[in-house]
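Q: The whole structure should be built from the sequences, with the hints applied where relevant.
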Amino acid sequence: MEAVLSGGPVLAATAIALLLGLLCVRVLLRQRQPGKRKKRYAPLVGSILNQAINFPRIHDYHTDQARRFKCFRLFHPSRGYYILSTNFANYGKGSYNRDNLEDLLGDGIFGVDGEKWRHQRKLASHEFSTRNLRDYSSNIFKRDAVRLAKVISEAVSSNQPVDIQDLIMRSTMDSIFKVGLGMELDTLRGRNEEEARFSKAFDDSSELVIWRYTDVLWKVKRALNVGTEAALRRNMTVIDNFIYKIIDEKIEQMSQGRVDLMKKDDILSRFLEARQKEPENITRKYLRDTVLNFMVAGKDTTATALSWFFYMMCKHPDARSSGLSMAEFTENLGLVNDLPYLHAALNETLRLYPSVPQDSKMCFSDDTLPSGFDVKAGDMVTYLPYSMGRLKDLWGDDAEDFRPERWLDEGGSLRHESPFKFTAFQTHLIPSLKRTGGPRVCLGREFAYRQMKIIAAVLLHFFKFQMADDGKDIRYRTMITLLMQGLRLRSALDRSFWKSHTGNRLPDANPSMKNNHMNAYGSLMVLG
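Take 1 as the starting number for the sequence shown in our numbering and just add one per residue.
Check the hints yourself; a few may be wrong.
[What the hints assert, rightly or not] When the alpha-carbon atoms are kept at most 16 Å apart in a straight line, the in silico EDC-like pairs for lysine to aspartate or glutamate are as follows:
#1 K150 / D494
#2 K122 / D107
#3 K315 / D401
#4 K376 / D366
#5 K219 / D99
#6 K178 / E195
#7 K122 / E273
#8 K245 / E184
#9 K392 / D163
#10 K421 / D359
#11 K219 / D103
#12 K150 / D166
#13 K150 / D163
#14 K116 / E278
#15 K285 / E102
#16 K285 / D240
#17 K200 / D166
#18 K200 / D186
Hint data in this document are derived by calculation from the structure and do not stem from the laboratory.
A: Written as structure tokens, this is what we have:
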């Protein structure tokens with residue numbers, strides 16, 4: 001009996017060893033079966049905890065990971081092409097992105113897939129392609145650029161620094177409301193308290209919904225209405241009340257015949273006209289979501305890019321001088337497309353500081369990436385324009401240097417890069433290649449470039465800027481867009497420009513706008 005008992009552990013160990021051996025043999029045989037392939041998944045790097053710790057510098061954290069782990073990234077243009085174009089149907093926003101962004105973006109074009117996305121895409125594509133909208137928006141951009149210049153000139157006269165990002169954000173808010181809703185705001189001067197509350201709530205909400213990506217308890221907090229979720233709910237109440245009020249007023253005006261939609265060029269009017277044909281699809285909620293998605297696309301992205309652009313101009317004054325020497329200020333802002341160096345400098349800014357620094361797609365069915373790694377249905381695949389713009393593998397040893405010349409050929413003409421290498425607009429059309437970057441190509445790309453060029457051309461030729469505090473470390477806020485944590489600049493009139501355009505006479509700090517041809521600001525009012 002003792003012999004049996006003493007041998008028990010030995011027998012048990014032997015049995016376990018045999019069982020494990022059989023399992024190993026079975027696995028090996030499976031792997032050798034024809035048509036069978038061992039699944040390969042990208043290595044797990046970091047964690048939600050790592051991302052939470054690095055949240056204030058999350059885009060630089062991802063860039064660090066890309067440099068350390070060459071196999072752990074979706075940064076190569078061929079992989080971007082696969083996700084965004086070749087196998088587009090298998091990758092979309094998915095339920096994960098939708099859950100995180102729904103409170104702010106709703107069923108808007110940036111948060112949905114399938115038929116909802118196709119329907120909005122079709123309507124928006126038509127409206128953005130019309131000459132009426134192009135001409136209408138260009139006039140608004142010119143008008144608001146002049147207003148912005150007036151505000152900065154007042155700061156010059158009082159020798160006060162300005163937060164250029166805040167001013168540009170206000171200006172683009174005014175522009176986007178006029179172009180998008182046909183409504184006049186004056187957030188640039190902050191004269192309307194309700195509009196100021198809406199603007200702040202919109203910016204804060206953008207930051208709060210991004211925090212959800214690292215906050216594993218956000219749904220619990222939402223259910224309990226505490227913390228960041230309580231703040232988001234309060235902000236969304238402000239946003240929804242403001243937007244629905246505008247929509248309802250416009251619908252009421254239309255029903256009473258006080259508005260002829262056919263004579264209105266703003267985007268909301270165009271969608272309200274389409275609503276008459278399909279009221280079951282274009283509801284109040286649909287209009288609300290469309291407006292807010294349009295605002296994210298047209299306000300934040302443009303203001304973000306311009307803020308980093310002026311930061312680069314301050315850090316690299318030689319670039320400003322080169323740009324102005326290549327193209328004199330034109331009496332027609334409609335010719336901004338003839339300023340290749342300005343376009344190159346904007347591209348270089350967007351390469352290093354893309355307005356949307358990262359974007360995620362959900363895999364709908366099991367797939368294998370060009371890298372050989374397998375992706376399971378439900379997995380999130382993220383491509384990172386911020387990191388891609390800094391990789392030496394893609395841009396050379398000077399990848400982190402601001403060098404607009406990389407976008408120009410030997411003759412000084414604009415040179416294009418693959419839309420899957422330069423992904424600042426997610427993807428876009430390369431005229432010389434006649435190839436788009438995929439079905440989700442940015443509809444408002446030319447719209448955005450036109451607005452950025454007009455504002456940049458006006459401010460650069462009117463003023464010289466420098467950092468108010470050269471020692472301050474400029475950082476971004478972690479939100480949907482790459483907004484800064486403020487950018488305080490000191491500005492001065494560019495005397496050489498003013499003298500050449502005003503008969504050797506500098507303008508008053510706040511010249512009258514009554515006679516558009518009698519002062520330098522007025523000369524801008526008739527440009528184009």
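Q: It remains to establish, for every hint, whether it holds in the given structure.
A: Status of each hint after checking the structure:
1. K150 / D494: Distance of about 14 Å is within 16 Å: holds.
2. K122 / D107: With a Cα-Cα distance of about 15 Å, the restraint between K122 and D107 holds, given a limit of 16 Å.
3. K315 / D401: Holds: K315 and D401 sit about 11 Å apart, inside 16 Å.
4. K376 / D366: Between K376 and D366 the Cα gap is close to 4 Å, so the pair holds against 16 Å.
5. K219 / D99: holds (10 Å)
6. K178 / E195: Holds, because 13 Å separates the two Cα atoms, which is no more than 16 Å.
7. K122 / E273: Status holds; Cα separation ~15 Å.
8. K245 / E184: Answer holds: K245 to E184 is near 14 Å, not above 16 Å.
9. K392 / D163: Given that 16 Å is the threshold and the Cα spacing comes to 33 Å, the pair is violated.
10. K421 / D359: With a Cα-Cα distance of about 14 Å, the restraint between K421 and D359 holds, given a limit of 16 Å.
11. K219 / D103: With Cα atoms ~12 Å apart, K219 and D103 stay inside 16 Å; holds.
12. K150 / D166: Satisfied, since the Cα-Cα distance of roughly 15 Å is no more than 16 Å.
13. K150 / D163: OK: K150 and D163 at ~15 Å, within 16 Å.
14. K116 / E278: holds (14 Å)
15. K285 / E102: holds (12 Å)
16. K285 / D240: holds (10 Å)
17. K200 / D166: Holds - the C-alpha atoms of D166 and K200 are around 11 Å apart, at most 16 Å.
18. K200 / D186: Holds - the C-alpha atoms of D186 and K200 are around 14 Å apart, at most 16 Å.
This entry does not satisfy hint 9, going by the numbered hints stated previously; all others are met.
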